[in-house]
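Chemist: Full structure from sequences and hints, please.
From first to last, the protein sequence lines stand for chains A and B.
Remember, my numbering sits 74 above the position in the first sequence when you count from 1.
Remember, my numbering sits 74 above the position in the second sequence when you count from 1.
In short, the hints are calculated from the structure, not lab data.
Just so we're clear, the structure is a prediction, and the values are computed from it rather than from any experiment.
Just so you know, not all the hints are guaranteed correct.
You can't tell identical chains apart in this list, so a pair holds if it fits in one copy or across any two.
As the list claims (entries may be wrong) - Using 30 angstroms as the maximum straight-line C-alpha spacing, the simulated BS3-like pairs for lysine-lysine come out as follows:
1) K130 with K118
2) K159 with K146
3) K152 with K130
4) K130 with K159
Protein chains: 2
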Amino acid sequence: MRRDVFQAIADPTRRAIIALIALQAMTPNAIAEHFDITRQAVSKHLRILSECELVKQEQQGREIYYTLEIEKMKQIDKWLEQFRKIWETRFSQLDNLLSTIKKQRKQ
Amino acid sequence: MRRDVFQAIADPTRRAIIALIALQAMTPNAIAEHFDITRQAVSKHLRILSECELVKQEQQGREIYYTLEIEKMKQIDKWLEQFRKIWETRFSQLDNLLSTIKKQRKQ
DNA sequence: ATTTTGCGCAACCAAAAAGTTGCATATATA
DNA sequence: TATATATGCAACTTTTTGGTTGCGCAAAAT
Chain A
75 MRRDVFQAIA DPTRRAIIAL IALQAMTPNA IAEHFDITRQ AVSKHLRILS ECELVKQEQQ
135 GREIYYTLEI EKMKQIDKWL EQFRKIWETR FSQLDNLLST IKKQRKQ
Chain B
75 MRRDVFQAIA DPTRRAIIAL IALQAMTPNA IAEHFDITRQ AVSKHLRILS ECELVKQEQQ
135 GREIYYTLEI EKMKQIDKWL EQFRKIWETR FSQLDNLLST IKKQRKQ
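Modeler: Now the structure itself:
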């Protein structure tokens, strides 16, 4: 089973769950109330998020609170780094171009 | 068909293609040479990337060069922003904690 | 003019994903 | 103790995905 962070955030429901529990730990039932799908479907999403270590569980009596492992999100940030470098370079190139034009106009 | 950037980067082959053409525009055949899949499979991936506007095509005779629309990648960056805020807050909280401990040790 | 090459598109297939219902289990509560 | 609640797990269904092969068309090369 191919389970990575990128696959985890591919599903819009999962992205919504992530954003939801980022603010505070929640139980599957509480999460399910925010969506039009059954609790079991939410549970499945949570299992996928667990499998790629994006969430962790905290048992509290018969309730299980799910919290976001925000550190794992940095993995996406890290992958994005290479592109951030490119768009920053392009921006500075544009910046150079603009200042060159400016100089030429002064002459 | 639900086509967004997050779904586009879910597939590892697609992520590799994105990284590949980020550096320079390439034709489907040239891209396919980097992988163990057929040109048609690459073509399909390129179509998905096109549909969510992550790549654009440039016809040159019978060849079609695919280039990355790097601006679109910022959409992921933007989504990540909300979490970046959280982990930066946590970091500064840890920072506060550490400096508090430091102060207490001095007393 | 004929052949080769580069490409997209359609049909098909197997595997995976996303959802459902039903059930078992453990913890609260009456 | 009996009942209600919170959850996970298994079986099943439908849709989506990632791949294939086979085609047709247009541009290059021969």
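Chemist: All the hints need checking, so say for each whether the structure fits it.
Modeler: Hint check results:
1. K130 with K118: within (14 angstroms within a copy, 36 angstroms between copies)
2. K159 with K146: both (21 angstroms within a copy, 14 angstroms between copies)
3. K152 with K130: Answer is both: 21 angstroms inside a copy and 25 angstroms across each meet the 30 angstroms cutoff.
4. K130 with K159: This pair counts as between: shortest inter-copy Cα distance 20 angstroms, intra-copy 32 angstroms.
Violated hints for the displayed structure: none, as all numbered hints are satisfied.
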